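Asker: Sequence:
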Amino acid sequence: MIRLIRCTLIGLLIWSQSLSARERPRWELGIIHAAGQLPHYTGSNHYYQRSINLPYGILRSEQVDVSGVPRLFTDFTPDLRLEMAFGAELPVESDDLNELPPPGADGSSDKVIRTKNYTRRGMEDIQALIGIGLTLDWYLGEHVTVDFPLLSKSTLGGGFRYAGNSFAPGISVDAFDRDSNYALALGVSWEYGDENFNRTYYEVKADNTLPDRPAYTPSAGLISFNENLRFTAQFTRSLSLFILQYRRVLENSVVQDSPLVVANKNEGWVLGIILALAASDASVTRRK
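Numbering follows the working numbering, with no gaps: position 277 of the sequence shown is 279.
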């Protein structure tokens, strides 16, 4: 099986050489297959594991991409870009207060795959969050990027309620240059949350206390140190792939003493295959 996958990838790499690295269709419509394993929140040992298919569409101009995740950017210089940044946090549904503990929920297991969160039993559910802000990308040559994303986050369910800000400066090193159809990048970042954001996930109010869950109020500061390995490939004009392997470490975190933090390390993955079913013959230029 591994040999078959390897031969298939080599074939796709050879087939794709005629695709210009800087050209992308002005518009395209298609389907995305995505799968992943993600923690309910950083520091939780409860994980979602899902696989879904979604339709997608994108319209590109010279400095704007209009899609499910729109993109607007301006290049101050060839090496300095200011871009609108978007992010999302998954919703967290709490178990009922009297729910029996699932195996491993006490921290004896690094990963508990389930939809509801036992650690937050009896507490208010956390709505999905959407983050909107800006990121400054600084390209140090063709292979190193330093970025400074600042996001303001609000709830999606039940109206847009402000949920705080996060800041995650990072640096990544890519084996391929900025004009390549491929990326194999190792990145690190440090995620900081203000007091409002950290309270959203890690605060335990007095009326939510239990014998093993004392009251806790987090402060602003470092949430986690993050590492990720990312591979993306634009095999052809209509077929692309992305794979992400990541780790989040809560060492020296301001929230690591929260009773809602069960794991001091999270590891997971995301896989996606994007197939364009229709696309424009006209194209725009893009660099990473």
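Read the hints as simulated data drawn from the structure, not as lab findings. All of these numbers come straight from a predicted model, not from anything done at the bench. Worth double-checking, as some hints may not be accurate.
[To be verified] Each computed DSSO-like pair below joins lysine-lysine, with the alpha-carbon atoms no more than 30 Å apart:
#1 K267 to K113
#2 K267 to K118
#3 K118 to K207
#4 K267 to K207
#5 K207 to K113
[What the hints assert, rightly or not] Across the chosen pairs, the derived CB separations fall in these ranges:
#6 F75 to E253: 20 to 28 Å
#7 F233 to I33: 37 to 45 Å
#8 T211 to E253: 21 to 29 Å
#9 R73 to S240: 16 to 24 Å
Virtual Cβ for every residue (Gly too), placed ideally from N, Cα, C.
Asker: Are the hints correct? Go through all of them and say.
Answerer: Tested hints:
no., hint, in the structure
1, K267 to K113, "holds, 10 Å"
2, K267 to K118, "holds, 20 Å"
3, K118 to K207, "holds, 20 Å"
4, K267 to K207, "holds, 25 Å"
5, K207 to K113, "holds, 26 Å"
6, F75 to E253: 20 to 28 Å, "violated, 34 Å"
7, F233 to I33: 37 to 45 Å, "violated, 21 Å"
8, T211 to E253: 21 to 29 Å, "holds, 26 Å"
9, R73 to S240: 16 to 24 Å, "holds, 20 Å"
In this structure, the hints that do not hold are numbers 6, 7, in rising order.
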